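Asks: Each chain is listed here by its residues.
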Amino acid sequence: MIFITNFFTRRGTALLATWRIWRDTLRFAARAILIAATPAAYNSATRTVVMKQIYFTVVQILPGFMLFAALLSYVLIQIVVTTAASYGLSEYALEVSMRLLVLEILPLITALFVALRSSSAINTEIALMKINGELLALESAGVDTMRLEFMPRVIGGMISVLVLTAFTSVIALVLAYLAVYGWQSWSLPDFSRIMGNVFQNTVLLGIFLKSLAFGLAVTIIPVAEGMATPRMLFMAPISVLRGMVRLFFLIMLIEVASLALKYI
Amino acid sequence: MNRPTGSPLIKNLEIKVGALLAATLLLVAGFVLYTMYARGAFHSTQSLTLIAPEADGVSIGMPMTFSGFPIGTVKRMALSENGNVRLEIAIPSKDARWLRENSIFTLEKGFIGSAKIKAHTADLKDKPLANGASRTLLTGDATEEIPVLLEKLKSILNNIGDMTNKESEINQTLANVQNVTHRMTGEYGVLESVLGSPEKAQQVVTVLEKTNTLLSSLNGVSLKADTVLAKADSRLFGPQGIMDQTQESVAKLNTILGDVRESLKKADALLANAQAASADLPKITSNVREATTDMTNLRSEIDDSVRKVNHLINEINKKWPFAREVEIKTP
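Chains A and B supply the protein sequences, listed in that same order. Using my numbering, read the first sequence as starting at 1 and increasing by one per residue. Using my numbering, read the second sequence as starting at 1 and increasing by one per residue.
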């Protein structure tokens, strides 16, 4: 009997903890978005943090990431084109590869890349600040940590994901044309017709909203997770681990939700 | 606090990030404009309504093709009052020229992939299709016609089988053709293939050679005729030629004729004398002797004149070449 009670107590506590952390995350997200939406929140200090966030997340990695995205796109396009041709469905190759790459894979890859590179760093930084008591010190000194520390990171991370997605998508578009039609411009009308078919207004809005969601996820989860870290040093790696797993889960959730909205 | 907050560690941070954001905005705006262009937001379209008994496999955004090239897309589709399907097709104005009054539209369904709406225009010089025109969409299912097609295909294959038999007419014809072409490759080429044997061809060649020699001798004949004509020409019209001499003769004739006239005048005078004599008979008798001597003289004179004329005419006759027959003999 005691065993069963203990079991349910443990499960219940874990469930409540999970629930609490998601609730805290959502609450934090709402606050961050609210502050980001007020123009008065921006001053030179927040701008600098936003710019640095963008610099570290985008400018530093742009050439390497673009190369990687181009390579991946080209290989995937070739696979789709060759497979379609072998089944006699070449006319659908371009549309399929564009839907696959620009609408699904590239935003997802971008989000995962930013998560690995920046989210882990943000999570660690905030967790250490929390453990060292810096956050408490700042807040007791009257500094609005939300406005000066967290919100700019969220904005910067969001913009970064959007920028990277835009760049890689355009590269994939150009590569798709070259892979399917080669080095000539006569097929532009044909290409445009297919692009017009793929990129309807709702689809464009869909990519934008999805990238926005990815951008929010890759910054809000690590910040929220870092803030929720108990003030014990050994909790820092655990906090980062939890944050990363939750972030991966959330990114996949967003992807699946967007697919479900589109195709079901 | 060891975090770099606002420290100027990064050179030109604002410029770099600003340029990146500007480039991104440009890319996004360009992409949105491009998709709008690709969806035909910037070119005018004309509409065409197709009425079909059923629209199985047709979807909005599906292209309508002409010669395999998409020239329009399905914009709207709805069921009409009488159970038919109305498909509204938007055709960019620049592609509308492919559609004419006599164009027909078909809906084809294959085994794989969606159905295809195709436009066929037999006469591109016909009047262009009006904006908002309505046409029926002819539907055809490829799978429905397969048994019929197979039947036809069988009979065609049988025919081909008959044609390619060893004893078929085509084969015999081909053998004949081979025979002919084989002869063509012989010494007398095409001639042999036409005549059938080298001997006959040889005969034709001999005839041709003979004709050649004949032609060359004829050539010599015509050359000789040429020289003869040239000589005749010089004799006729050259200096001391017949014409000159004739002219002299004519001059002589004139003088002779003058003589004749003189003689006739004298005869006139004689006759007048005779008249006078008859009036005066006695005188006549006395003058008879005188008269007869005069008569003798006159006669001899006239005779002389006439002889001269005769002689002259003979001479002219002799000299005039056309009086004789000139015969050119061919060697």
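Honestly, the hints are just simulated from the structure, not real lab data. Each hint should be verified, as a subset may be incorrect.
Claimed, not checked - SDA-like mimics (lysine to any residue), calculated; alpha carbons at most 20 Å apart, straight line: (1) B:LYS94 with A:GLY196; (2) B:LYS94 with A:PRO63; (3) B:LYS116 with A:VAL96; (4) B:LYS109 with A:SER44; (5) B:LYS16 with A:LEU128; (6) B:LYS116 with A:PRO63; (7) B:LYS16 with A:ARG47; (8) B:LYS11 with A:ALA85; (9) B:LYS75 with A:ASP190; (10) B:LYS94 with A:ASP190; (11) B:LYS116 with A:ARG20; (12) B:LYS75 with A:ALA85; (13) B:LYS116 with A:ALA85; (14) B:LYS116 with A:GLU91; (15) B:LYS94 with A:LEU62; (16) B:LYS11 with A:ASP190; (17) B:LYS11 with A:TYR87; (18) B:LYS16 with A:ASP190; (19) B:LYS16 with A:THR46; (20) B:LYS118 with A:ARG47; (21) B:LYS16 with A:ALA85; (22) B:LYS16 with A:LEU89; (23) B:LYS109 with A:GLY88; (24) B:LYS94 with A:SER187; (25) B:LYS116 with A:THR46.
What the hints assert, rightly or not - Quick partial rundown of chain A residues pointing at chain B, CB under 7 Å, derived from the structure: (26) ILE61; (27) LEU112; (28) PRO230; (29) ARG231.
As the structure is a computational prediction, the values presented were derived from the model and not from experiment. Note that beta-carbon positions come from the ideal geometry of N, C-alpha and C, so glycine has one too.
Asks: Hints first: check each against the structure and report whether it holds.
Replies: Hint-by-hint comparison with the structure:
1. B:LYS94 with A:GLY196: holds, 17 Å
2. B:LYS94 with A:PRO63: Outside the cut-off at roughly 41 Å; violated.
3. B:LYS116 with A:VAL96: Given that 20 Å is the threshold and the Cα spacing comes to 19 Å, the pair holds.
4. B:LYS109 with A:SER44: violated, 64 Å
5. B:LYS16 with A:LEU128: violated, 30 Å
6. B:LYS116 with A:PRO63: violated, 44 Å
7. B:LYS16 with A:ARG47: holds, 14 Å
8. B:LYS11 with A:ALA85: Distance of about 50 Å is beyond 20 Å: violated.
9. B:LYS75 with A:ASP190: Holds, at about 18 Å.
10. B:LYS94 with A:ASP190: Given pair B:LYS94, A:ASP190 holds - Cα atoms ~14 Å apart, limit 20 Å.
11. B:LYS116 with A:ARG20: With a Cα-Cα distance of about 55 Å, the restraint between B:LYS116 and A:ARG20 is violated, given a limit of 20 Å.
12. B:LYS75 with A:ALA85: violated, 29 Å
13. B:LYS116 with A:ALA85: This hinted pair holds, its Cα atoms lying about 19 Å apart.
14. B:LYS116 with A:GLU91: holds, 12 Å
15. B:LYS94 with A:LEU62: Violated, at about 41 Å.
16. B:LYS11 with A:ASP190: violated, 45 Å
17. B:LYS11 with A:TYR87: violated, 54 Å
18. B:LYS16 with A:ASP190: Measuring from Cα to Cα gives roughly 37 Å; hence the hint is violated.
19. B:LYS16 with A:THR46: Holds. B:LYS16 to A:THR46 sits at ~17 Å (cutoff 20 Å).
20. B:LYS118 with A:ARG47: violated, 57 Å
21. B:LYS16 with A:ALA85: violated, 43 Å
22. B:LYS16 with A:LEU89: violated, 44 Å
23. B:LYS109 with A:GLY88: Given that 20 Å is the threshold and the Cα spacing comes to 15 Å, the pair holds.
24. B:LYS94 with A:SER187: Since the Cα atoms of B:LYS94 and A:SER187 sit roughly 16 Å apart, the hinted pair holds (cutoff 20 Å).
25. B:LYS116 with A:THR46: Outside the cut-off at roughly 57 Å; violated.
26. ILE61: violated, 12 Å
27. LEU112: Since chain B brings no Cβ nearer than about 20 Å to A:LEU112, farther than 7 Å, the hint is violated.
28. PRO230: violated, 21 Å
29. ARG231: At 17 Å from the nearest chain B Cβ, A:ARG231 fails the 7 Å test, so the hint is violated.
Comparing the model with each earlier hint shows violations of hints 2, 4, 5, 6, 8, 11, 12, 15, 16, 17, 18, 20, 21, 22, 25, 26, 27, 28, 29; every other hint is respected.
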